[in-house]
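Trainee: Sequences listed follow chains A and B, in order.
Quick note on our numbering: the first sequence kicks off at 19 and runs consecutively.
Quick note on our numbering: the second sequence kicks off at 601 and runs consecutively.
Please keep in mind that the hints were generated in silico from the structure rather than gathered at the bench.
These numbers were taken from a predicted model, which means no experiment stands behind them.
Take the hints with a grain of salt, since some may be wrong.
[Said to hold, decoys possible] Some chain B residues near chain A, calculated using beta-carbon distances under 7 Å:
{"#": "1", "residue": "Phe-749"}
{"#": "2", "residue": "Val-831"}
{"#": "3", "residue": "Ile-835"}
{"#": "4", "residue": "Ile-840"}
{"#": "5", "residue": "Asn-845"}
{"#": "6", "residue": "Ser-857"}
{"#": "7", "residue": "Phe-861"}
{"#": "8", "residue": "Ala-862"}
{"#": "9", "residue": "Tyr-864"}
{"#": "10", "residue": "Phe-865"}
Idealized CB from N, CA, C, for every residue including glycine.
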Amino acid sequence: MRHKYRFTAVLLVGILLVSILLTNLYVKTEETGDADKLRVVTSFYPMYIAALNVIGDQSGVELENLSEPQTGCLHDYQMTPADMRLLSSADVFIVNGGGIESFLSDVAETYPELTILNASDQVELLPESEQEHDHDHEADSDEEHSHEAEADDEHPDDTDSDAHTHTHSDENAHAWMSIPDYRIQVQTITDGLIKADPTHADVYQKNATAYDEKLAALEKEAEEVKAYTEGRDLVIFHEAYDYVAEDYGMHVIYTLNLDEERQVSAGEVADVVSEIKEHGITTVFAEELYGSDMGSTIERETDAKVCYLDTMVRGEYEADSYIKAMENNIRMIREAFAP
Amino acid sequence: MMDFFTEWWSYGFMRNAFVAVLIITPLFGLLGTMIVNKKMAFFSDALGHSALTGIAIGVVLGVSDTSLSMVIFAIAFALLLNKISSKSTASTDTIISVFSSCSIAIGLAILSKGGNFSKYSSLLVGDILSITFREIVYLILIFAATLVFWFVAFNKLNAVSLHRTLAKSRGIHVKLIENIFAVFIALIVMLSIKWVGILIINALLILPAASSRNLAENMREYHFFSILFSVFSGIIGLIISYFTNVATGPMIVIVASVIYFATYFYGKRSA
Chain A
19 MRHKYRFTAV LLVGILLVSI LLTNLYVKTE ETGDADKLRV VTSFYPMYIA ALNVIGDQSG
79 VELENLSEPQ TGCLHDYQMT PADMRLLSSA DVFIVNGGGI ESFLSDVAET YPELTILNAS
139 DQVELLPESE QEHDHDHEAD SDEEHSHEAE ADDEHPDDTD SDAHTHTHSD ENAHAWMSIP
199 DYRIQVQTIT DGLIKADPTH ADVYQKNATA YDEKLAALEK EAEEVKAYTE GRDLVIFHEA
259 YDYVAEDYGM HVIYTLNLDE ERQVSAGEVA DVVSEIKEHG ITTVFAEELY GSDMGSTIER
319 ETDAKVCYLD TMVRGEYEAD SYIKAMENNI RMIREAFAP
Chain B
601 MMDFFTEWWS YGFMRNAFVA VLIITPLFGL LGTMIVNKKM AFFSDALGHS ALTGIAIGVV
661 LGVSDTSLSM VIFAIAFALL LNKISSKSTA STDTIISVFS SCSIAIGLAI LSKGGNFSKY
721 SSLLVGDILS ITFREIVYLI LIFAATLVFW FVAFNKLNAV SLHRTLAKSR GIHVKLIENI
781 FAVFIALIVM LSIKWVGILI INALLILPAA SSRNLAENMR EYHFFSILFS VFSGIIGLII
841 SYFTNVATGP MIVIVASVIY FATYFYGKRS A
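Take these sequences, add in the hints, and give me the full structure.
Mentor: Encoded structure:
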């Protein structure tokens with residue numbers, strides 16, 4: 019035990035050197051940014067895909083995503099020191115808005131000169147769904163509104179005014195799930211990028227127009243399916259599908275918000291089953307990752323079929339991934355509802 | 601290579617974190633020595649878990665600053681644990697376990713109501729960005745208070761840890777000393793739990809002192825190595841976590857664990 023001071027010194031210096039070596043190796047593998055380039059950072063997957071389509075392969079513009087492609091929804095995302103570093107060198111930060119990026123206020127405080135581009139600026143976000151009956155039904159019966167349910171959807175505040183008071187943060191931010199809203203988001207991103215980087219304005223505009231054409235075709239495809247789905251009742255296992263229901267003119271009877279870290283109580287399961295039986299629901303929309311356990315329970319307990327739609331929050335970094343995923347969703351909805 | 605020591609300095613949140621680590625790790629090392637001696641590892645673990653309940657109670661009562669309810673609850677919890685474990689006949693570790701499980705269950709039950717637990721999940725692994733200037737001021741205050749307590753009461757505390765009855769017969773207020781010590785552990789754990797994380801905070805209290813025990817032959821060496829290991833793993837863990845994009849608390853614990861295993865095998869071989 020006489021050499022313990024020497025041993026301690028060797029040990030600590032050894033750990034120090036190894037950690038310097040390893041972190042250097044690690045950091046080297048990460049690309050270091052170029053100061054001349056316009057650096058665009060997106061908050062998460064759908065925003066990255068939208069920005070990727072607008073920017074294309076334009077040189078001099080660097081596009082990076084804050085979270086990993088498999089992170090999924092950002093509801094409980096923790097900023098890491100590397101994220102702060104990435105943002106400190108960014109020029110534009112594209113976010114979905116609507117409260118999904120809960121860390122946004124911290125970012126704005128830390129980097130006041132960073133341009134934060136809120137893609138949902140021009141989108142009318144739906145109110146956050148409650149874990150209970152749909153507002154529209156109550157509103158239709160209680161109030162002497164001559165509006166159709168669809169008209170109510172456009173003015174969500176009207177339907178909420180009597181029973182529920184929603185604050186601004188209680189919005190359902192999953193706007194990219196609706197094709198028309200996603201088109202607005204892409205347009206907002208394009209406008210913002212043109213403002214931030216006028217030299218490439220024509221490229222952005224051209225890319226955005228080309229992408230919008232594809233999305234318009236997609237929207238048309240969805241419209242055709244709407245003939246089967248219009249007015250049907252629905253149970254959803256993620257509030258993101260509120261937007262799908264809106265697109266297809268369906269009524270959401272019950273929302274069970276299953277996502278990260280959510281534990282369902284036995285009472286809720288019973289509620290869902292009885293709602294499905296009572297309203298004769300035939301289809302449930304659920305997310306594969308978090309909803310499949312619940313989905314198989316529902317299929318066992320009731321006659322309803324569970325339709326696993328992609329929420330498009332994770333996937334590969336490919337420009338066409340949104341379109342592919344959406345086509346897949348449309349196909350599944352058609353199969354579920356078409357006679 | 602110098603980048604390793606300089607690059608992160610330009611970020612405000614890293615400077616805050618660095619100062620916090622510099623203040624809190626010596627305290628972990630210092631208190632850890634006595635926690636290990638008195639075999640209170642389980643006690644401090646239970647205390648960490650009570651943070652969840654403290655926050656939950658704060659949420660229920662509508663307190664705007666849940667740190668306050670967390671600290672108050674932790675102090676009450678620590679005193680209660682002390683009282684009951686000295687009175688009851690059941691073995692201490694059972695009682696601590698009951699309290700720990702009960703408080704974490706209450707915390708989880710309240711916080712997960714309405715599926716909102718994800719809001720608090722950062723507490724489990726810690727969030728380095730949550731260190732603010734105000735928290736650093738608190739840390740400095742607790743740092744000074746702990747040092748004063750240590751210089752005044754260390755001998756008494758040591759006597760209590762060696763032999764309670766003997767210490768009592770020498771006129772030492774055993775209960776008072778133990779309660780004050782528990783309150784200090786509660787304060788330090790609660791002030792650092794937000795960035796270290798509930799799951800691993802106990803490791804920071806135990807590992808440096810345990811490593812030090814593998815080497816030290818007297819009280820002075822025991823303190824010296826414990827504080828050295830604690831500060832070292834804190835700083836290195838923080839810097840590595842900055843470069844490799846992992847949470848800070850776990851990284852610090854990994855470094856501390858490496859030190860523990862190295863000293864363990866060294867101590868075994870030379871013994």
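Trainee: Against this structure, judge whether each hint is valid.
Mentor: Now the hints, each set against the structure:
1. Phe-749: Status violated, d = 27 Å.
2. Val-831: violated, 10 Å
3. Ile-835: violated, 10 Å
4. Ile-840: Holds: closest Cβ of chain A sits about 5 Å from Ile-840 of chain B, inside 7 Å.
5. Asn-845: holds, 4 Å
6. Ser-857: violated, 11 Å
7. Phe-861: violated, 10 Å
8. Ala-862: holds, 5 Å
9. Tyr-864: violated, 12 Å
10. Phe-865: violated, 11 Å
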